[in-house]
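Peer 1: Sequence:
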Amino acid sequence: MNKKKHTKAERKRAWDCYVRRLTSPIEIHRPTKEEKEMLKKAGYMIK
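Under my numbering, the residues of the sequence shown are numbered 3 to 49, in order.
Because the hints were derived from the structure by calculation, they are not lab data.
Mimicking DSS-like on lysine-lysine, the simulated pairs with C-alpha atoms at most 27 Å apart in a straight line are:
id : residue 1 : residue 2
1  : Lys43     : Lys14
2  : Lys14     : Lys42
3  : Lys38     : Lys14
4  : Lys14     : Lys35
5  : Lys10     : Lys35
6  : Lys10     : Lys42
7  : Lys38     : Lys10
8  : Lys43     : Lys10
Please take these sequences and the hints and turn them into a complete structure.
Peer 2: Okay, structure coming up:
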């Protein structure tokens with residue numbers, strides 16, 4: 003079977019779900035630089 007490539011929107015949705023899962027119960031502690039960039043782009047406030 004040929005693996006279907008994810009569209010940008012699908013990737014973003016997956017990332018948003020991932021972020022929500024991380025942020026809903028607790029805040030992300032000491033996110034990496036890359037994670038901070040992604041979170042800022044996604045519109046999340048980082049303390």
